[in-house]
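Participant: Based on these hints, arrange chain B on the given structure of chain A.
Protein chains: 2
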Amino acid sequence: MGAPPVKRTSRDIRTANRYEVLRQIIAESPASRQELAAATGLSLATVATLVGELLGLGMITEVGFEESAGGRPRGLVTVDAAGGALIGVDLAETYVRAELFDLALNVLARAEEEVRPGESRPERVVHHVASAVGSVVERAGVASARVLGAGVSVPGQVDRATGVCAYAPSWDWHDVPLRDLLAERISHPLYLDNPLRACAVAELWCGAARGCGDAVVVNLGTGVGAGLVLGGGVHRGVSDSAGEWGHTTLVLDGRPCHCGARGCVEAYTGAPGIMLNLREVSPDSPMLRPGDQTATVDALARGVAAGDPVAVRVLEDTARYVGAGISGLVNLFNPEVVVLSGWVAAAFGEPLLDAVRGAVGRHALRRPLAAARIVLSPIPTDPVCLGAATFALEGALRTARKGSGTRAVSRARGTDAP
Amino acid sequence: MGAPPVKRTSRDIRTANRYEVLRQIIAESPASRQELAAATGLSLATVATLVGELLGLGMITEVGFEESAGGRPRGLVTVDAAGGALIGVDLAETYVRAELFDLALNVLARAEEEVRPGESRPERVVHHVASAVGSVVERAGVASARVLGAGVSVPGQVDRATGVCAYAPSWDWHDVPLRDLLAERISHPLYLDNPLRACAVAELWCGAARGCGDAVVVNLGTGVGAGLVLGGGVHRGVSDSAGEWGHTTLVLDGRPCHCGARGCVEAYTGAPGIMLNLREVSPDSPMLRPGDQTATVDALARGVAAGDPVAVRVLEDTARYVGAGISGLVNLFNPEVVVLSGWVAAAFGEPLLDAVRGAVGRHALRRPLAAARIVLSPIPTDPVCLGAATFALEGALRTARKGSGTRAVSRARGTDAP
Numbered sequence: 001m002g003a004p005p006v007k008r009t010s011r012d013i014r015t016a017n018r019y020e021v022l023r024q025i026i027a028e029s030p031a032s033r034q035e036l037a038a039a040t041g042l043s044l045a046t047v048a049t050l051v052g053e054l055l056g057l058g059m060i061t062e063v064g065f066e067e068s069a070g071g072r073p074r075g076l077v078t079v080d081a082a083g084g085a086l087i088g089v090d091l092a093e094t095y096v097r098a099e100l101f102d103l104a105l106n107v108l109a110r111a112e113e114e115v116r117p118g119e120s121r122p123e124r125v126v127h128h129v130a131s132a133v134g135s136v137v138e139r140a141g142v143a144s145a146r147v148l149g150a151g152v153s154v155p156g157q158v159d160r161a162t163g164v165c166a167y168a169p170s171w172d173w174h175d176v177p178l179r180d181l182l183a184e185r186i187s188h189p190l191y192l193d194n195p196l197r198a199c200a201v202a203e204l205w206c207g208a209a210r211g212c213g214d215a216v217v218v219n220l221g222t223g224v225g226a227g228l229v230l231g232g233g234v235h236r237g238v239s240d241s242a243g244e245w246g247h248t249t250l251v252l253d254g255r256p257c258h259c260g261a262r263g264c265v266e267a268y269t270g271a272p273g274i275m276l277n278l279r280e281v282s283p284d285s286p287m288l289r290p291g292d293q294t295a296t297v298d299a300l301a302r303g304v305a306a307g308d309p310v311a312v313r314v315l316e317d318t319a320r321y322v323g324a325g326i327s328g329l330v331n332l333f334n335p336e337v338v339v340l341s342g343w344v345a346a347a348f349g350e351p352l353l354d355a356v357r358g359a360v361g362r363h364a365l366r367r368p369l370a371a372a373r374i375v376l377s378p379i380p381t382d383p384v385c386l387g388a389a390t391f392a393l394e395g396a397l398r399t400a401r402k403g404s405g406t407r408a409v410s411r412a413r414g415t416d417a418p
Numbered sequence: 001m002g003a004p005p006v007k008r009t010s011r012d013i014r015t016a017n018r019y020e021v022l023r024q025i026i027a028e029s030p031a032s033r034q035e036l037a038a039a040t041g042l043s044l045a046t047v048a049t050l051v052g053e054l055l056g057l058g059m060i061t062e063v064g065f066e067e068s069a070g071g072r073p074r075g076l077v078t079v080d081a082a083g084g085a086l087i088g089v090d091l092a093e094t095y096v097r098a099e100l101f102d103l104a105l106n107v108l109a110r111a112e113e114e115v116r117p118g119e120s121r122p123e124r125v126v127h128h129v130a131s132a133v134g135s136v137v138e139r140a141g142v143a144s145a146r147v148l149g150a151g152v153s154v155p156g157q158v159d160r161a162t163g164v165c166a167y168a169p170s171w172d173w174h175d176v177p178l179r180d181l182l183a184e185r186i187s188h189p190l191y192l193d194n195p196l197r198a199c200a201v202a203e204l205w206c207g208a209a210r211g212c213g214d215a216v217v218v219n220l221g222t223g224v225g226a227g228l229v230l231g232g233g234v235h236r237g238v239s240d241s242a243g244e245w246g247h248t249t250l251v252l253d254g255r256p257c258h259c260g261a262r263g264c265v266e267a268y269t270g271a272p273g274i275m276l277n278l279r280e281v282s283p284d285s286p287m288l289r290p291g292d293q294t295a296t297v298d299a300l301a302r303g304v305a306a307g308d309p310v311a312v313r314v315l316e317d318t319a320r321y322v323g324a325g326i327s328g329l330v331n332l333f334n335p336e337v338v339v340l341s342g343w344v345a346a347a348f349g350e351p352l353l354d355a356v357r358g359a360v361g362r363h364a365l366r367r368p369l370a371a372a373r374i375v376l377s378p379i380p381t382d383p384v385c386l387g388a389a390t391f392a393l394e395g396a397l398r399t400a401r402k403g404s405g406t407r408a409v410s411r412a413r414g415t416d417a418p
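Residue numbers (the working numbering), protein chains in the order written: chain A, 1 to 418; chain B, 1 to 418.
Extracted from the complex, chain A is given alone in its bound form (with noise of 0.2 Å):
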């Protein structure tokens, strides 16, 4: 049979737990050790011991007491907003975001670079992640060693223990060993993945996925992905490639797709498909603006905005064709939520998701339907950059060992392999 599974150990609990007792802490401050208890289901023996690693790492404080109804007053724990600085790095193909957070989440400083047709090659793109970097550790003003580590997004298939890009369609790149690369101009710990789980991750954190088993974030963008929770964690599959639901067969036989196949649900729901649908309701629509899909998109949004029947069919048809698509999702993991996601989303807004309600209750099954809500992103800033500093967070949790401080923390850096 090859190689032994890899095992979940009481170490990845006591992880996983970590990350649920941050993760409220940093959602609902202050907090007792109690409410922390009976939030996340933990018993408060447990609660208290992560509180008091939390604590020893400098990543919470104690904020004072509050009275208990004939008991002692309880000891009230908040996030130490100021106890480190976190990096997340969205790396598209045609731009770089770098945005620093501090342990709240909260942003403290934003940088952007254009990655140019034609910078393609890894030492350019490398080149304008870790300017971003530099940029964003110079605007907010933190030590360098205050930075518990950078997450970045890579567009493409990203081994997460060995950091090497196995591909990148968008520049061609094969193999490519990308954390190495950056690690040669970046002093802190790296983490690399890629923006579909950068998305599960920010909605687990801090948007719609909070607190559930099972849920899946839809990506809408140029791209179309599912960023797949699954048992509480980020599923990422044998070779790190799950989430691929833009490739689903949606209509066999139908628009070529540029995977290969056809009649995939990205060709019908990603920008360009979205294009294409508003080409066929209405080939000479000024809302059509080609080779420009962001405004074709926001045009069309305006326009549904404005009742324009064009745009609203061009809705109505792209909600069903990303209705039917949620709908296998609905019913294959019977989830607790299903987050829409991505710069798409944003643009419609509520009205597509209306419509993509509809839609689903048409096509899923009635029980997997009945306990899953659809919601949109309540993330008001870049999921992927947000999701990326999780990630960072995430390592610094995972790496940390008991009472050691977050200076300690930072020095541990490198490597992302558990």
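Think of the hints as simulated: they come from the structure by calculation, not from any bench.
Any given hint might turn out to be false.
If we take Cβ atoms under 7 Å as the criterion, some of the chain B residues that face chain A in the derived model are [as the list claims (entries may be wrong)]:
1. Leu230
2. Val238
3. Ser239
4. Ala242
5. Trp245
6. His247
7. Thr248
8. Val251
9. Gly328
10. Leu332
11. Phe333
12. Glu336
13. His363
14. Pro368
Calculated from the model, a selection of chain B residues having no Cβ within reach of chain A, i.e. all distances over 10 Å [as the list claims (entries may be wrong)]:
15. Arg110
16. Arg146
17. Arg185
Ranges between beta-carbon positions, derived for each pair [to be verified]:
18. Glu66/B - Gln34/A: 50 to 56 Å
19. Pro351/B - Leu276/A: 35 to 41 Å
20. Gly307/A - Val375/B: 51 to 57 Å
21. Pro380/A - Glu93/B: 49 to 55 Å
22. Ser43/B - Ala38/A: 48 to 54 Å
23. Ser170/B - Leu276/A: 39 to 45 Å
24. Asp298/A - Glu93/B: 49 to 55 Å
Glycine included, every Cβ here is placed at the ideal spot set by N, Cα and C.
Facilitator: Relative to chain A, chain B alone:
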């Protein structure tokens, strides 16, 4: 956020590790603790503890020693086939099949009863189950107290914790308290679940998913579905209804499906869908046996073996639908293995496998495709009975306390909740 999510505890991990060690002992006996540690990836200390527990439960036994190069002789253990008995019931739309297994998961006795049209009342169905269970215990000649439990696979939506059948389409059951009704007639601990999960668990314990973290068990029969093994365990979803892959849209606006939607995978790949595929190719084919799915599928399988061009064409069409659907599962989960199970897969065998592999190769993305083996189920007997018996085995391992004997296990009856 409502109730806190269900947490994995260190007790869950210990249970999962118990499963893993016993699974390995059942698969390859006799085994030393060192071999078990190597095969499972667990530490020798953990294996030694778990082996001690299984010895205490009377499920395994010491069978001597093997020499080790330069060390002390190593103790060998094997499953104690006579250490207990398990019953697996495949409750289907038209029959009830019960099998009694020893702890090595060998079948010791079988019984089958027909469920006739008009016998859909819960009392009649319960009568048949109780009668089949009574028969196998009598035929195998085992003492009732030695039966660790009976697993029952129900063709519908079952709430595992309460044993209530929320919905069984063929019998128009709604919220039938099936476990309570069965418990009035059957004195063994009862574990209810559905056939998708039974097949998945059977592959995990004894078939092609053994040792896999992530696997998909595709069930091709009258209905179609997918049992999901994720992170080494069966994924059930928030309301126990995950796996309904048969109702993924494959051909938008395509054939009507009995679920009310159109173009579902099942409408093209379930046995009635295959009959339609045949009708499209050759409306007057003598292989078409109206009203008899089994005879039609058998005739097609014989036709393929004989090189009949109509049969070959129908197999290819069907494999194209199955393959496009499986590609979506491969892209989404990035599993290690996809297992083709169910009576339709068994009837067609290797020719279907070859054609499905070809279709998946044309549709799936390269990286997840490279990671996924596609195989026929290697389980030679009814996988639903085997899987149902395994629910009982897992139940006994879950509820058994360290050091308690099997008799104590068999008395801890009646509930399946953790």
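Participant: Flag every earlier hint the structure violates by its number, smallest first.
Facilitator: 22
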